[in-house]
Amino acid sequence: MQYQSQAVAKPYFIAAIGLFVGQILFGLILGLQYVVGDFLFPEIPFNVARMVHTNLLIVWLLFGFMGATYYLIPEESETELHSTKLALALFWIFLVAGALTVLGYLLVPYATLAEITGNDLLPTMGREFLEQPTITKIGIVVVALGFLFNVTMTVLKGRKTVVSTILLIGLWGLALFFLFAFYNPTNLVLDKFFWWWVVHLWVEGVWELIMAAILAFILIKTTGVDREIVEKWLYVIIAMTLITGIIGTGHHYYWIGTPYYWQWWGSIFSALEPIPFFMMVIFAFNMVNRRRREHPNKPAVLWAMGTAVMAFLGAGVWGFMHTLAPVNYYTHGSQITAAHGHMAFYGAYAMIVMAIISYAMPMLRGRKAANSEKSQVWEMWAFWLMTVAMVFITLFLTGAGILQTWLQRVSDNPEPFMVVQDKIALFYWMREAAGVVFLIGLVVYIASFFIGGEEKKATA
Amino acid sequence: MSGGFTKSMARNIFYGGSVFFILVFLALTFDTTTALPQRDQRAAINETVTLGKKVWEDNNCIGCHTLLGEGAYFAPELGNVYTRFGNSTEAIKIFIATRPKDGIPGRRSMPQFNLSAEELEAIAQFLKYASEINTENWPPNIQG
Chain A
1 MQYQSQAVAK PYFIAAIGLF VGQILFGLIL GLQYVVGDFL FPEIPFNVAR MVHTNLLIVW
61 LLFGFMGATY YLIPEESETE LHSTKLALAL FWIFLVAGAL TVLGYLLVPY ATLAEITGND
121 LLPTMGREFL EQPTITKIGI VVVALGFLFN VTMTVLKGRK TVVSTILLIG LWGLALFFLF
181 AFYNPTNLVL DKFFWWWVVH LWVEGVWELI MAAILAFILI KTTGVDREIV EKWLYVIIAM
241 TLITGIIGTG HHYYWIGTPY YWQWWGSIFS ALEPIPFFMM VIFAFNMVNR RRREHPNKPA
301 VLWAMGTAVM AFLGAGVWGF MHTLAPVNYY THGSQITAAH GHMAFYGAYA MIVMAIISYA
361 MPMLRGRKAA NSEKSQVWEM WAFWLMTVAM VFITLFLTGA GILQTWLQRV SDNPEPFMVV
421 QDKIALFYWM REAAGVVFLI GLVVYIASFF IGGEEKKATA
Chain B
1001 MSGGFTKSMA RNIFYGGSVF FILVFLALTF DTTTALPQRD QRAAINETVT LGKKVWEDNN
1061 CIGCHTLLGE GAYFAPELGN VYTRFGNSTE AIKIFIATRP KDGIPGRRSM PQFNLSAEEL
1121 EAIAQFLKYA SEINTENWPP NIQG
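Quick note, the sequences are listed as chains A and B, same order.
FYI, this note's numbering numbers position 433 of the first sequence as 433, with every residue one higher than the one before it.
Converting from the second sequence to this note's numbering requires adding 1000 to each position, the first position being numbered 1.
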C-alpha cells in the first residue's frame, strides 16, 4: 500500500462482502418460493424478499465501487485522500442507513413503511429497484455528494490520469442520474420513461465507465503493460459504451406507451451494445498476454479476465438475445429477462468488485502483494464455483424463459401465467440447486480470507 | 491498436461521440414528450387513478407482478388484467379483496392487503387506465 489513506477502502470491502452474503441468502429464499409458493408466507412474501435481494445487490456494489475508488484514487493521483475522516463517517452513515432500510422492509408491511417515512410528502417508493423510502434516497444523495467531493478534491490536488478521470465521470454520472429517482409523475408512461434514466443509464451507461476504469487499473498493476496502451483501450471501450448505450436506452421503450420509432432506434443501437464488452475481453486477454511481469496475485488476474468474459456473455450475448424489437415482443418481462439480469450483474459488476477486492485486500491487510498459495487456491475455487453456478442459473432460467414464452405467448393456444409456471417448475428446481452451489462458492470465497497467511516468496 | 491511432484520437472519439449521442437522445426525448399526449391516456388520469397509482406503489405490487412487462416475474402481467378479467373493474376488486390471509398451502398466493373500498376502486381504475395506454399491441395475447 503506497498511501496510508488507501486503508479506508478496507471497511467498504468488508461491508460489500457481508451484504453480498445477505443478497445470496435472500436469492435462495426467492428461488424456493418459485417452486414452494407458500415458503415463509405470509411472514416474508416474495415481493419483500425480492426487494431485499435487489437492494442489497445495489448497495453492496456501491460499497464496492466506493472502496475501489478510495483504494485506487490516491495511487493514481499520487497523493493522500482529501479526508479519511469523511470517508469513514460516510461509511458508517451509509451502512446504518442501508441496514435500517432493509430492517424496515423485513419488519413492517411496506405500506406501513411508506406511511411512517412520509412517502406522501414526496412519493418515490414502490418502483422496481427504487423501493427505498424517500428519506433513504435523500441519504444516498448526501452520501454520494460527500463521497464525490472527497475524491474529486483528491484528484484535483494530484496527478490526473485517464483512469481516475473516467472513474470520476462514471461516479458523477451515477449520482446525477440517480436524481431521476425523485421524479415520479402519475402518468405511468412518463414515470417509466424517466425511471430508465436511473436504471438503464446506470447499468448500461455510467457503471460501465466505472467498471472499465477499475479493470484498467487492475491490468496496469498486474501486467505492467505501458499505461499509454491501457488508456487508449480504455477510451475506445467507453466511447463505444456511450455511443451505443445512450440511444440503446430505446430498447426499453418498445411497449410502454412510447412512440413506435423507438423500436428502430432501440434495436439498432442496443444491438451494438455487446461491442464494448467484446472489446473488454480482447483488452483483458491482450494485456495479460503482453504482461511484463508475473504478478504473484493470480486470483486478481483471474477475476479481471473473468469479469470481462462474463460481462460479455451476460450483458452482451444474453442482452443481444432479446434486444431486437420483434424478439422482445415475445420475451419482454419473461424469465429470459431474469436470466440476462443475473449473468449480466454478476459478470460485469459483482466480478469487477471481487477483482479489485482480490487485488487490493492483501495489501490492505498488510501483506506485500499477495496472499499465500493456499489462500489463492481457495479463492480460485470460489471463482469457479460461483461462476459456473451462475452460468447454470442463467441457462436454467433461459430454458424456463423459452418454454414460458412459447406456452404463454407464441403457441396457438396461449395458456395462463400460473398454468405455465407449474409446467416449467423443473427448471426452477434446477436453478435453485445451482443457487446452492453458488452459496457454497461464496462460503469458500469468504474462507479464503482466513486461510494461509502471507505469500513467503512474493516477487512484486 | 498501434500505429497511427493515438490516445488523443481515442479521447476525442469518446468525448465527441458521447456529447453527440447525448444530444440525439435529448432530441428524441423531446419528440417523445410531444408525441405522448396521443398515446398515454393522460386525459383518463383523475383523482381516483392518482390514488390508485399510490396504492400500487405503497403496496409494492411491482415486487411480484409486471406492469407493461416491467417488474418481477413471479405473478401475472397486470397491464392488460382489466381486459383479461372481461373489462371489469369489479372482478379486479373482488380478486384483490378475497385473497386468503394465510395463503394457499404449497402454492403462490397474493397477500391480503386489507385495502379499503376506496383504495380497491382506485387500484382497479388505475389498472383500467394502464390497459388503455397504446403499447404497440403488447402483450401478444390476453394471457399477458
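Hints in this document: simulated from the structure, not taken from any laboratory.
Just so you know, not all the hints are guaranteed correct.
What the hints assert, rightly or not - In silico DSSO-like cross-links for lysine-lysine, where the CA-CA straight-line distance does not exceed 27 Å: (1) A:Lys298 <-> A:Lys157; (2) A:Lys221 <-> A:Lys10; (3) A:Lys221 <-> B:Lys1101; (4) A:Lys160 <-> A:Lys221; (5) A:Lys10 <-> A:Lys423; (6) A:Lys157 <-> A:Lys10; (7) B:Lys1007 <-> A:Lys160; (8) B:Lys1101 <-> A:Lys157; (9) A:Lys10 <-> A:Lys137.
As the list claims (entries may be wrong) - Computed footprint of chain A on chain B, listed as stretches where at least three residues anywhere in the stretch have a Cβ under 8 Å from a Cβ of chain A: (10) 1006-1017; (11) 1044-1058; (12) 1090-1096; (13) 1116-1124.
To be verified - One-sided excerpt, in silico: chain A residues whose CB lies under 7 Å from chain B: (14) Asp38; (15) Trp255; (16) Ile256; (17) Gln335.
We treat Cβ as the ideally placed atom computed from N, Cα and C, and that holds for glycine.
Hint-by-hint comparison with the structure:
no. : hint                   : result
1   : A:Lys298 <-> A:Lys157  : 33 Å, violated
2   : A:Lys221 <-> A:Lys10   : 19 Å, holds
3   : A:Lys221 <-> B:Lys1101 : 57 Å, violated
4   : A:Lys160 <-> A:Lys221  : 17 Å, holds
5   : A:Lys10 <-> A:Lys423   : 47 Å, violated
6   : A:Lys157 <-> A:Lys10   : 23 Å, holds
7   : B:Lys1007 <-> A:Lys160 : 15 Å, holds
8   : B:Lys1101 <-> A:Lys157 : 60 Å, violated
9   : A:Lys10 <-> A:Lys137   : 25 Å, holds
10  : 1006-1017              : holds (count 7)
11  : 1044-1058              : holds (count 8)
12  : 1090-1096              : violated (count 0)
13  : 1116-1124              : violated (count 0)
14  : Asp38                  : 5 Å, holds
15  : Trp255                 : 4 Å, holds
16  : Ile256                 : 5 Å, holds
17  : Gln335                 : 6 Å, holds
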